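Work out the full structure: start from the sequences and follow the hints.
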Amino acid sequence: MSNQFGWAQFGFLLTGLQWTLLLSAIAFAGGGVVGLLVALGRTAESALLRRITAGYIAVFQGTPLLMQLFVVYYGLGLIGLRLPAWSAVAIGFTLNASAFLGDIWRGAIQALPKGQSEAASALGLHYVSRMKDVVLPQALRIAQPATVGYLVQLIKGTSLAAIVGFIELARAGQIVSNQTFKPILVFGIVGAMYFFLCWPLSLYSARLEARFAAAAR
Amino acid sequence: MGNKLDFSVVYDQMPALLWGSLGTLGLALASMSLALVIGVGGVVTRSSHSWILRTATIAFIELIRNTPFLVQIFFLFFALPQLGLKLNPTVTAIIALGLNGGAYAIEIIRGGVQSIHKGQTEAGLALGLHRAQVFRLIVLKPALRAIYPSLTGQFILLTLTTSICSSVSAFELTSVAQRIESDTFRSFEVYFTITLMYLAMSWILMSGFAVISRRYFSYPTR
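Top line first, the protein sequences correspond to chains H and Y. At position 129 of the first sequence (counting the first as 1) the number is 121 in our numbering, and the numbers step up by one without a gap. At position 129 of the second sequence (counting the first as 1) the number is 132 in our numbering, and the numbers step up by one without a gap.
Keep in mind that a hint or two might mislead.
Some, not all, of what chain Y presents toward chain H, calculated at C-beta under 10 Å [stated by the list, open to error]: (1) Leu8; (2) Ser11; (3) Pro71; (4) Trp206.
No wet-lab data here; the hints were simulated from the structure. This one's a predicted model, so the numbers in the text were calculated from it and none came from an experiment. Virtual Cβ for every residue (Gly too), placed ideally from N, Cα, C.
Okay, structure coming up:
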């Protein structure tokens, strides 16, 4: 690549953008699955399960995401797992996302009137069917605005993979900036890419929230 | 080296790490002050009569909230010198964190101000209270009570975000840890320890804020 900012550099940024999208998708999918378990544990009848999941959430919400990535990255290496950077980073983001999504969904499950799950048990539904058919479909609907809003945090968060050395959009920006000596232009473009990724989601989340607020009135 | 854990390095470097923690708290405190100034100013310009000021404020809020902090701090790190501001990394970090926290603070404070019904101040004035009394007793305290949880939560979030400022080598805990790591190669031990230190900091802040809240913002029970 030359020292000028041209199509080749722009293409490199786009490749970075692809990795950002992929990393966000993996973290959201993985975090969604684990987060659902966390939310169920947080609202379980067993006090022990509630304690453990509460601690899990508190640790992930009380420490910097960057540190979580470092600890997972070096911790996996320490127990002998030599994973490529992207999978170590994906595990870190998945764990982080599961704590935040778990907390959001816990709130939604608890926001549901108690009568719903009481009626379900009275009808003889066991736990799995009570959750799957009665509680969760309603709770996840309530949680929609917050979930979409969290997606914005998640996408922005993936930029920290750059510090661990994984080449996604922010790291691609750093590389191109060092090469072309046009940091303001490059980070301006990188910022714009993130913005046009996140802004529609923010607007969508706000619209969902307004719709729910109107429905609740 | 081997795979054995060895925390002796961390133990030896504890004074440096504690200084780093103070750096982190100082960074958080300085940038939160800046964020509050931007927050209050932003509430005024957000509801200004001039549409330029209104639009500019909204654009600022949306721009900050929809881009990663890492990109913001890199941008400022290179953009400020172009404007003739040659600042050291820590000051740059304070500005970046302050702008970031400010965008969130505007929305939080605006919510608090809007939560006070107009009838409340009118009633206060009708009862013969002074304007200053109305502001202090009827507007300020309930508004602060309304925004206190979000604002303190934002402060803790800002404290955690300071770790990203290590990427421009501002003085705080993570950059101290990175120096120790590159001297000793004890990556896991160092980062695990400072993760616990961050956790301790956010717990101490959280409980401190809870005490203040109970002391000053609890509703009178009588």
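Okay, the hints, checked on the actual structure:
Against a cut-off of 10 Å between C-beta atoms, the interface hint on Leu8 (chain Y) holds, since the closest Cβ of chain H lies about 7 Å away. Residue-level restraint check for Ser11 (chain Y) is violated (minimum Cβ-Cβ distance to chain H is 16 Å; threshold 10 Å). Because the beta carbon of Pro71 (chain Y) sits about 4 Å from the nearest beta carbon in chain H, less than 10 Å, this interface hint is met. Interface restraint check: Trp206 (chain Y) against chain H, minimum CB-CB distance 6 Å, threshold 10 Å, status holds.
Taken one by one, the earlier hints fail for this structure only at number 2.
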